[in-house]
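Sequence lines, in order, name chains S and L. Residue 185 in this note's numbering sits at position 185 of the first sequence, and the numbers go up by one each step. Residue 81 in this note's numbering sits at position 81 of the second sequence, and the numbers go up by one each step.
Hints were generated in silico from the structure; no laboratory data involved. We put the CB at the ideal spot given by N, CA and C, even for glycine.
On the chain S side, residues computed to face chain L include the following (Cβ under 10 Å):
1. 13
2. 16
3. 21
4. 46
5. 48
6. 111
7. 112
8. 113
9. 116
10. 118
11. 137
12. 139
13. 143
14. 157
15. 159
16. 182
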Amino acid sequence: MIGIIDYGAGNVASVTYSLERLHQKFVITNDVKILEQCERIIFPGVGYAKSAMEAIDREGVGSYLQSTSKPVLGICLGMQLLGEYSDEGDTTCLGVIPFHCKKFNQSGLKVPNMGWCRIHTNEESSPLFAGIPRGAYFYFAHSFFVPVTENSIAFSEHGSIFTAAVQKNNYYGVQFHPEKSAEVGEALLRNFIEIC
Amino acid sequence: MPAKRIIPCLDVKDGRVVKGTNFINLKDAGDAVELAALYSGQGADELVFLDISASAERRKTLRDFVEKTARVISIPFTVGGGISTLADIESVLRAGADKVSLNTSIVQNPEFITEASRQFGSQAIVAAVDVLQSASGYEVYIRGGRDKTELEGIAWCKRCEELGAGELLVTAMHCDGTRNGYDINLLKILSNECSVPVIASGGAGSVNDFVVAFNEGNADACLAAGIFHYGDIPLPALKNELKLQGIEIR
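In isolation and in its complexed conformation, chain S is listed as follows (with noise of 0.2 Å):
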């Protein structure tokens, strides 16, 4: 079963209905407990990094996620909670993979960044990618960004290459929405849930 992380994110319906699509059993929660009986974690996320950090810490799930071995993975905004601070906010998140979240602020640049962007992945690309074709598009609505990392897994350029995916250990994070990226989201689901 998969738990997925209820704090009031505006995206989880459509998660719901990818993992539906893809005949996984799910539950959506906000308690320990349940959490530790699911053997992956979905981090959704679309709001605002201050108050979903907030939501999180208020239900204990904060310091559950920090600790957990069970693959996680954050979605959009889920992604950027799960490092050390995002600028939306001032706000001091999960820090389980080190990065910086910062505000798209280039002049004469659209924000947010919204649509379809092509993704390139490392030489040796994550079990997440597994199958998906290179320069791949996914769907991105965010107007803050992850700059590149180490733990980079996936890339994409909007003014300047920024993060599209980040793992560390059993984190993984994508920037862009699967749950809205048509096929590859998909696949990008199904990688998630068999090989991760």
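Take the given structure of chain S and dock chain L to it, following the hints.
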């Protein structure tokens, strides 16, 4: 940079497509969910649904429709039409829509843009602006193009961005239905003066209209209805042709 987006738009009433379509291979051409799935399969980058229901039950009907659609398609979609409260927005986003487009409600209460984008994120809030060109410039209309306001189009678009809208969906009423092309001058001005993405709407009739809107108008996305519904320009052929012309298309 994201690829340029092609967005079919569907007018929906009580979960059914209102403007006619002539897809002969559809079991039920009025079934909005089936049509959405067809466009998604053909490579639509996004969809926009404009709800024109007027019944007392509309919020529930719309919610059910959004949920059915989101279960079937895995591309982003926007819902507009009569959305005027935070509860209306929450209802459709919770059901699986990605964005709402706001039109009349934000003219009547501009602060609503700020409240909505604070609560749901600016990426979920699309300001839909209907303009009609006149001797004095672009006049803003509300209530489905029925009522003229005192607002000037370009200034209003900039104001929407300042208030927190994440995207502008700008319909040139004087082009809409003509199939003579988008208002390129309007698009040029908005692309220069606004830093949120601009979706062109109104006037698409040929492949070249899209080329010009992207290359000269610098639009981030093009919305169209009739040419897709009647099969004048099939979506896969349009996307191929735009790629051949060197435009970045998914």
